[in-house]
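Novice: Spelled out from the first residue to the last, the chains are:
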Amino acid sequence: MKRHVFNKPWEAYLFLLPWLVGLLSFTIIPIIMSLYFSFTRYDMANSPLWIGMGNYMTMYKDPRVWKSISVTFRYVLLGIPFQLSFALFLAVILKKQRAGVRIYRAVYYLPSLFGGSVAVALLWRQIFNKEGIINRLLSLLSIEGKNWIASPDTALYTLILLSIWQFGSSMVIFLGGLQQIPQDLYEAGSIDGAGKVRLFFTITLPLLTPMVFFNLIMTIINAFQAFTPSYIISGGTGSPVDSTLFYTLYLYINGFKQFKMGYASAMAWVLLVIIAAVTGVMFGIGKKWVYYDD
Amino acid sequence: MKRMLSSIPALIICLSLAVGCAGNSPAQTNSSQSAAAQSESAALQPAEQSASAVAESESAQPVENVEIRAAWWGDTGRNDLYQQITGRFEADNPDVKVICEPVSWTDYWDKLAVQTSSNNAPDFMGMHPQYAADYIGRGKIEPLQQYIDSGALNMEGWPEGVINTGSVNGTLYMLAMGVTFSSVFVNDGLFEQLGVTKPGFDWNWDDMKTIGTDTRAKLDAAGMDSSWFMADLSNNLNSWRYFVRQNGHEIYTADGEIGFTLEDVTDWWTMYTEFRQLGIVPDAATTTEYSTATLEDSLFSRDKVLAILVPVNQFKLYSTTFPDKKLSIIRNPSAAGKAVGEFPEGAHFAISSASAPEKKAAAARLMNFWINSAASLELFGLDQGVPGNTSLSDSYMPNLDEYQLQIYDFVEKLSEIGTPSTFPAAGATEVDALFKSIAESISFEQTTVEDGAQQFFEQAKTIVADNKS
Numbered sequence: 001m002k003r004h005v006f007n008k009p010w011e012a013y014l015f016l017l018p019w020l021v022g023l024l025s026f027t028i029i030p031i032i033m034s035l036y037f038s039f040t041r042y043d044m045a046n047s048p049l050w051i052g053m054g055n056y057m058t059m060y061k062d063p064r065v066w067k068s069i070s071v072t073f074r075y076v077l078l079g080i081p082f083q084l085s086f087a088l089f090l091a092v093i094l095k096k097q098r099a100g101v102r103i104y105r106a107v108y109y110l111p112s113l114f115g116g117s118v119a120v121a122l123l124w125r126q127i128f129n130k131e132g133i134i135n136r137l138l139s140l141l142s143i144e145g146k147n148w149i150a151s152p153d154t155a156l157y158t159l160i161l162l163s164i165w166q167f168g169s170s171m172v173i174f175l176g177g178l179q180q181i182p183q184d185l186y187e188a189g190s191i192d193g194a195g196k197v198r199l200f201f202t203i204t205l206p207l208l209t210p211m212v213f214f215n216l217i218m219t220i221i222n223a224f225q226a227f228t229p230s231y232i233i234s235g236g237t238g239s240p241v242d243s244t245l246f247y248t249l250y251l252y253i254n255g256f257k258q259f260k261m262g263y264a265s266a267m268a269w270v271l272l273v274i275i276a277a278v279t280g281v282m283f284g285i286g287k288k289w290v291y292y293d294d
Numbered sequence: 001m002k003r004m005l006s007s008i009p010a011l012i013i014c015l016s017l018a019v020g021c022a023g024n025s026p027a028q029t030n031s032s033q034s035a036a037a038q039s040e041s042a043a044l045q046p047a048e049q050s051a052s053a054v055a056e057s058e059s060a061q062p063v064e065n066v067e068i069r070a071a072w073w074g075d076t077g078r079n080d081l082y083q084q085i086t087g088r089f090e091a092d093n094p095d096v097k098v099i100c101e102p103v104s105w106t107d108y109w110d111k112l113a114v115q116t117s118s119n120n121a122p123d124f125m126g127m128h129p130q131y132a133a134d135y136i137g138r139g140k141i142e143p144l145q146q147y148i149d150s151g152a153l154n155m156e157g158w159p160e161g162v163i164n165t166g167s168v169n170g171t172l173y174m175l176a177m178g179v180t181f182s183s184v185f186v187n188d189g190l191f192e193q194l195g196v197t198k199p200g201f202d203w204n205w206d207d208m209k210t211i212g213t214d215t216r217a218k219l220d221a222a223g224m225d226s227s228w229f230m231a232d233l234s235n236n237l238n239s240w241r242y243f244v245r246q247n248g249h250e251i252y253t254a255d256g257e258i259g260f261t262l263e264d265v266t267d268w269w270t271m272y273t274e275f276r277q278l279g280i281v282p283d284a285a286t287t288t289e290y291s292t293a294t295l296e297d298s299l300f301s302r303d304k305v306l307a308i309l310v311p312v313n314q315f316k317l318y319s320t321t322f323p324d325k326k327l328s329i330i331r332n333p334s335a336a337g338k339a340v341g342e343f344p345e346g347a348h349f350a351i352s353s354a355s356a357p358e359k360k361a362a363a364a365r366l367m368n369f370w371i372n373s374a375a376s377l378e379l380f381g382l383d384q385g386v387p388g389n390t391s392l393s394d395s396y397m398p399n400l401d402e403y404q405l406q407i408y409d410f411v412e413k414l415s416e417i418g419t420p421s422t423f424p425a426a427g428a429t430e431v432d433a434l435f436k437s438i439a440e441s442i443s444f445e446q447t448t449v450e451d452g453a454q455q456f457f458e459q460a461k462t463i464v465a466d467n468k469s
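Chains A and B are the protein sequences, given in the same order.
Everything in the first sequence is counted per my numbering, starting at 1 for the first residue and increasing by one.
Everything in the second sequence is counted per my numbering, starting at 1 for the first residue and increasing by one.
Derived from the structure by calculation, the hints contain no laboratory data.
Treat each hint with caution, since some may be false.
Listed below are several chain B residues computed to face chain A (Cβ distance under 7 angstroms; list not exhaustive) [stated by the list, open to error]:
#, residue
1, VAL114
2, ARG138
3, ALA285
4, THR292
5, ALA293
6, SER441
7, PHE444
8, GLN446
Keep in mind that this is a model prediction, so the values were computed, not measured.
No residue lacks a Cβ here, since even glycine has one placed at the ideal position from N, Cα and C.
Build the full structure now, drawing on both the sequences and the hints.
Specialist: Encoded structure:
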């Protein structure tokens, strides 16, 4: 079997070449370079200077790194449960074959299509400003709203709200999962006298755990890498008072605004380790609660 | 795992591209449109002449086409104006095509840093002394002497002092767009409406407190509780720079060391904390909200502040952008019995050292056209201050409109009292960011003035030292 791979005609590799060149020059080589840069002081103009673990030591002592990690973790931990529950809730509602259900599915998916975009981040600013829609609605109830986006204690929550709004792709995956659940299980359950809630928690949810697990992993990885919302809404600074300083944003500020590409590379590798560790833990815990029907 | 890893840099690059494009593409189409319109109208007048000239030169030697990218910062009005200037340049130089990349002031420095990092800086660009050291120190800016020697740049009529504003350690890197001074624009109409006596031409920080307090009372009486006397400048490094100079110091010494004292920072933030508490300047959240606003959307535009600190050259821009407001110019607040804070300032033009030789040459021609031709000055006027080419600006004097005359007078007056300042050291961009972030933290009462000032003083020293090695 193994020999077979090498017995392929050489022309095959010729056809693979464009992809190989792309993979090497845009993925593999940059990854290796960034690992090397992470051990150097490098400002992209002068040649890199080897400083060993210097960048990693500086990171350990840099309060803004810790601040950005805490902001990012709060974003991930608070945003994802809401995002996934909301996606599941809508998927259950939209599962039933009713008239116009396809239109609803499309409509609910829409925010995900442009959810992470610059335009929506700008829109978000308008909604949560001092004179934004939210405060106008509040003023109808005679409540004077604050400036949600420009206050350190609420700014991050507006970003979390923005992330919950992008539930579309998780919803589609849940929908697919729901439709695979055999109908006869529900029938058997109803005959045994289970109500809707009981059916959901004893049949739907357990059989859906592989989808929940998949969505969880994907959204966690995405959330750790979130950048646009904070970049646009805070004007690229993480303001107010670093309350929206995502890890990726601080990485960007170091690399591209302050010419510290070595430090930024070290940060990127630490992020990789964090994501890998979190994903690894998820897989470990996943074995305990994910039900595979085989 | 590979996917994840690879998507981190890819994500960043995509996003920065997206951000760059978003600011860029509409403006670009704009520029090509107005450029086309411009060259059309220019071509109409001397139609026969230029047609035959072009035909001749085409037969003599084929025209080499060079495409250069030109970047500057500015607001809508300025961008329209500058695209007309590049349009005229293109009409005069059919072999050069100029692609304009106008951006707002804050985005400009983000974008330029990213472009420079990837060796993709615009061939012709606006440069500011505040940030220049970070680019010059990394060899990203082309020295200009060779273009003067070759005759591409003609420095006739330029006073030595104005040329030198673009020199670092004896090498000329950039040429002044014009000479300007910081000033405060006052919304006279609003002061009259409120019945507050506006500050005089020469005023000081004590006046700011008394007039500001008076204004607060009158604003409250008029029910304008979300308007203030002036914007909060506690996070504005340049504004603080005048304050440091009033104390007889400089932020950076001539040798590129830290030149300010701990008291200079402490006093500044103490003063502004008081202004904020008295309601003379806006609360922290409002300041943050408007920190990235465009001119049309700014606190001043919305009558939320009565006065604003702006380089005087923008007086015409403000007056024409806000025709309904009655504006006048006064000085930046001075410190009673202390040194003068103001110094001759101004933006500059520079050429990227990473560009191809033929693009650099074309960029030098554009620079020469921009600052040394009557055709350009007719449009450019005093938009960036009084032009460095004195013989040209003298001949332009009779054409000054009422706004430009006020700019000219102000620059004349301040030239007599202003004293030269030092060049910001490498690392200035980072120090600037640090200043903003600590000032913000103080304004939100997350840090005390004393702690914040101490942090800034220590960390600024470290940054400057790190950038030396």
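Novice: With reference to the structure, classify each hint as holding or not holding.
Specialist: Here's how the hints hold up against the structure:
no. : hint   : in the structure
1   : VAL114 : holds, 5 angstroms
2   : ARG138 : holds, 3 angstroms
3   : ALA285 : holds, 4 angstroms
4   : THR292 : holds, 4 angstroms
5   : ALA293 : violated, 10 angstroms
6   : SER441 : holds, 5 angstroms
7   : PHE444 : holds, 5 angstroms
8   : GLN446 : holds, 5 angstroms
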